[in-house]
Amino acid sequence: MLAAGGRVLNMVDLSDVYMTFFLPTEQAGTLKLGGEARLILDAAPDLRIPATISFVASVAQFTPKTVETSDERLKLMFRVKARIPPELLQQHLEYVKTGLPGVAWVRVNEELPWPDDLVVRLPQ
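Anchor point for the sequence shown: position 15 equals 15 in UniProt numbering, and the numbering is continuous, going up by one each time.
Treat the hints as calculated values from the structure; they're not laboratory data.
Errors might be hidden in some of the hints.
[Claimed, not checked] Listed below are the simulated DSBU-like cross-link pairs for lysine-lysine, each with C-alpha atoms no more than 30 Å apart in a straight line:
id	residue 1	residue 2
1	K32	K81
2	K32	K75
3	K97	K32
4	K97	K81
Taking the hints into account, I'd like the entire structure generated from these sequences.
Structure below.
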């Protein structure tokens, strides 16, 4: 028996899996669409999942109550999405879960290599 308004089915588009996170103005301003990111999920802390920056908000998502000084402007936060490539998802469908918390890492200087602890590591 399902109560009125109860969920029967939850459909997920596995061709568009991404992590949403927030960055301050200084870091968000350096990102490029298509830039590299790494995702580390709480449920799989040994994996380093490659992703691509697919969205950077054009306006701050949340701000302090008043923004009167340059220090306060540094607290402006911008929403960013890092998308996992669909072809990678297809190769590892048995591991794909939605709604998992984790951490996103981005390179603000693309000329520098990823540190060793953020080199891509995927399930075998």
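Hints, verified against the model:
1. K32 to K81: holds (12 Å)
2. K32 to K75: holds (21 Å)
3. K97 to K32: holds (27 Å)
4. K97 to K81: Holds. K97 to K81 sits at ~17 Å (cutoff 30 Å).
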